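Colleague: The listed protein sequences correspond, in order, to chains A and B. Going by the numbering used here, the first residue of the first sequence is number 1, and it counts up by one from there. Going by the numbering used here, the first residue of the second sequence is number 1, and it counts up by one from there.
Derived by calculation from the structure, the hints in this document are not laboratory data. Here the structure is a predicted model, which is why all the values come from computation and not from measurement. Glycine included, C-beta positions come from ideal geometry on N, C-alpha and C. You may find that some hints are simply not true.
Short derived list, chain A residues pointing at chain B, Cβ under 10 Å [stated by the list, open to error]:
| no. | residue |
| --- | --- |
| 1 | Val42 |
| 2 | Ser48 |
| 3 | Pro59 |
| 4 | Ser63 |
| 5 | Asn64 |
| 6 | Asn263 |
| 7 | Pro296 |
| 8 | Pro298 |
| 9 | Asn300 |
Once the Cα atoms are required to be at most 25 Å apart in a straight line, the calculated DMTMM-like pairs of lysine to aspartate or glutamate come out as [unchecked claim]:
| no. | chain 1 | residue 1 | chain 2 | residue 2 |
| --- | --- | --- | --- | --- |
| 10 | A | Lys232 | B | Glu90 |
| 11 | A | Lys232 | B | Asp100 |
| 12 | A | Lys232 | B | Glu47 |
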Amino acid sequence: MNKSLRISILSHALSAWLLALLLLPQASWAVSAVAGSTISNVATVGYSMGAGAAAVVQPSIISNTASFVVAELIQPAITWQDALPVPVNTPGLNSVLTFLLTNAGNGQEVFALTRANAPAPIPATNYVPVNSVLYDPANSPAGAMFLESNGVPGFQPGLDAAYVAGVNDPNLAPNATQIIYILSDTPALVANGSKGDVALTASSKTVGAAGAAAGTALAGLGQGGSVAVVGKNRAQAVTLGSYLTSGLSVVVTKTILSVLDPNGGVLVMPGSIISYQIVAALTGAGVATGLVINDPLPANTTYVPASMTLAGVALTDAADADQGQFIAASNSVSVALGNLTSTALTGVNAVITLRAKIN
Amino acid sequence: MNAKYFSCVSALLMSLLSLNAQAATGAIKVTSVVESDVEVLKAGKKELKRMPVSKAVPGAEVIFTTRFENVSDKVASDVTINNPIAKEVEYKAGSAFGADCEIVFSADGGKTFAAAESLKIKAAEGEHNALPKEYTNVRWIYKGQLAAGKASEVGFRAVIK
């Protein structure tokens, strides 16, 4: 019986060795049974004829080989790599979302990539990102996506290859991965704290696989001519990545409040006094530090002394403790707003008024 | 040459030659099958039906069964069934079955066997209880004798890696 056991171990060791040889080109990825490979089972039975002292050990019996072929499971997987929504300015350009595509199946597979900006249903407070106009003015479903190509983490313009559908679709061995960058622009005037989602879809390019019901068998379309079987995500992986408007922007607007001519009218003529209003509006989140509004007076005008106010409070013209000063050398008014915190969605405004006289 | 030694060697050679034989011959007929439980509709109700497997995907569960029958007219004893577990599958915990059998496992390619609860793996960092996925072989030791004409079966379930 010991001998028969040795035989069974030998045959097992032999088949294991052959298998190891077959798996060699798959490198260290092969954690799943490889599509197209055969799994075999052989049992060995040892026995004696007769019973008790009269029992005679017999040559062991080896069973037939029961085997089956490993079908190819088509199963892409995508994970969004940014830990948190990627902060963007509004308007903003070329903001990068990072995704990782993994071939979670057991056969070599090619995947087509598409992006959907703000896929329905769009939550009420969300905005709609657009493809980076720099890379894809057409805003197309396969546009402004890049494949990590140079081995350096993060998107490097000109070094990571632009994805071109049908040309450089990721062709991945089992368990192999591809980093994908999605670049988007953010429209102007989006409320702070708004989320913008982009969904990345990777679809198997095996004919008839993507979108088919899980378990659909596609004869001969798997690796090595094996049967391809559509995995639980219908041979399509879809994952959302998000942006979050959180940039701080300062918009300064200058308007003429009133004109008073020397005759008490509203004509613009030499000697007329013009009242200006400057509004510095903050939108977004965060703190604008050391914000200074510098307003050069128009040519041929003269600052009306002591006409400066900030939020309705008069400021002196001298460079002193208060926030305002008139700088004669540059004929300009300067108001140091310091650190302004924007908290409300609508932002925080600083309102400055001043007057100038037309020469 | 020692006749006993010769017969042992020839038995060894015979066994090797029969490796590829389709039907196992001898006093005991041995058949290995691989099957899976397939969900079928029967009278509008879902039920599991055991069907032969020709293809399967990673994650699928298959059942390896060895059927053995004493086709001689004498009683057989000391019956043991050895089954290496293919590298591409993982043994499913607690799945080995076989009436009137003591079931033991190996985690070292069949060098040593022990019951599931006492099977250890020696590693550089110390010894640990072998996990089902680390099993390499299953052995059934049939208790008692297999009467002439008697048939039985043993087997286990495994999940494709």
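Colleague: Tell me the hint numbers this structure goes against, listed in increasing order.
Modeller: Structure breaks hints 6, 7, 8, 9, 11.
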